[in-house]
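Throw the hints in and build the complete structure from the sequences for me.
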Amino acid sequence: MAMIRCSHGHFYDAAKHTSCPYCGVGADAVEGKTRRVPDHAGAGAPAPAVAAPSAVAAAPADPGVTRAVFRDASSATSPVVGWLVCVGGPDKGRDFRIHGEKNFIGRSPAMDIALTGDDSVSRDKHASVAYDPRQRAFWLLPGEASGLVYLNEQLVNTPTKLTSRDIVEVGKSKLMFWPFCDDKFHWE
Amino acid sequence: MTTNFIGSDGFVYAPGNAQDVGKREDQQDSFGFSDPRDTTFMTHGGMLALVADGMGGMAHGGEASRLAVRAFLRQYASKQLGESIPQALGRAVEAADRSVVEFAESVGLARDVGSTLVAAAFTPSGLYWMSVGDSALYLCRDGSLTQLNHPHTLSARLAELVKRGDMSPEDAAIDPDRDALTSYVGAGPIAEIDSPGEGFVLKAGDTVILCSDGLYRALSHEEILRIAIGAADPQEAADALVASTLARELPHQDNVTVLCIRVTEKETK
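In the order they appear, the protein sequences are chains C and F. Letter by letter, the first sequence follows residues 16 to 203 in this note's numbering. Letter by letter, the second sequence follows residues 2 to 270 in this note's numbering.
The hints are simulated quantities; they were obtained by calculation from the structure and are not laboratory data. All the pointers check out, no bait thrown in.
With a cut-off of at most 20 Å between alpha-carbon atoms, the simulated SDA-like pairs for lysine to any residue come out as follows:
hint: 1; chain 1: C; residue 1: K107; chain 2: F; residue 2: G91
hint: 2; chain 1: C; residue 1: K107; chain 2: F; residue 2: E95
hint: 3; chain 1: C; residue 1: K140; chain 2: C; residue 2: N172
hint: 4; chain 1: C; residue 1: K140; chain 2: F; residue 2: E106
hint: 5; chain 1: C; residue 1: K107; chain 2: F; residue 2: R92
hint: 6; chain 1: F; residue 1: K267; chain 2: F; residue 2: S126
hint: 7; chain 1: C; residue 1: K107; chain 2: F; residue 2: G83
hint: 8; chain 1: C; residue 1: K140; chain 2: C; residue 2: L163
Note that the coordinates shown come from a computational prediction; the quantities given were computed from them, not determined experimentally.
Right under this line is the structure:
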């Protein structure tokens, strides 16, 4: 059995499936993100018989569930193409892997490069680092959040090419860029 | 391609995983393994396996458990050489909690969306775990099945009341909320965490199972044990456990997720 691991940490038989069967149902609930569930706010779980302040009832099956837009979660294994190493700020000493395409930087743990210890970094998409496999080039892009991003102390307003040992600055964090893929090596 | 995790402790950890939606509309369970190719990380962080069982309406429960697994894996992967396993697991569960809280707030459902989480780290200093909620961690050893983690359900508290003589066993057994969770990720500060300070020593031949409640509400411990040790490899064990669960044809079969890890000696030449 040729078991392989997808980028989300699931094992599957590559001989049976062309992509990870456990990622295929990744619902992103695009519409649901901005709406409350009808009748949910006032309903509440029934109070337990014994005082248990944090007790909640396990979610019951909801046959009237609103179907959301489904996203085809990327299931391909994405090899490392470079690193950002935190050389200043609350996460100093930690390294972050850069994978192919866009890597979002933010404070949220859901970000690709999650600076969870730096409160001055925007939660989502403070900035991003993109790897272009065709040109074998790395780019720093400003994010959608209000926070600013600096490259070697210069404000980044447009996609800017990264070179080895560049310093990316977001919030109080300084990240040194270190490429793995370059003109000498790249993933086939 | 090999998918075994080669430990620096003389063990090989062979993983298997299986999942089914059961009779539910959507899959609210999530799971994940760390990357076996990172052999440097294996020398101090070991192999991580985790299961999360989300709760919440629409697709929110599924998204909550997915975010929890992703945040936990990511945070644990940033463990540095000098950081202890319990510290790294603690940091990871806090990140999972924050991730679900932020998601819940973003959909206007603070405290109504959450997830259980059971994570097991197979490290050179033994097996560590981090458990919140009622997902289970079992050890199959020498023909018996032992639950290693402590479930956070009201039934555990009711059992204490029975022990103290403050409640009759009959009343505890019929309490309608006995399966309600007393701790979960996504509620802000986590009410209860089960995580040992020291590693549990594994031995060759052990099989470790992580699962959501969809498994143990359908199959008895005896059945889980028989199926797990009867399988040729951990993937077959996980597949067989899910297949046996579905074969019960329970009318309200919950999502079921099973991870099996079989421990063997590393072959020496």
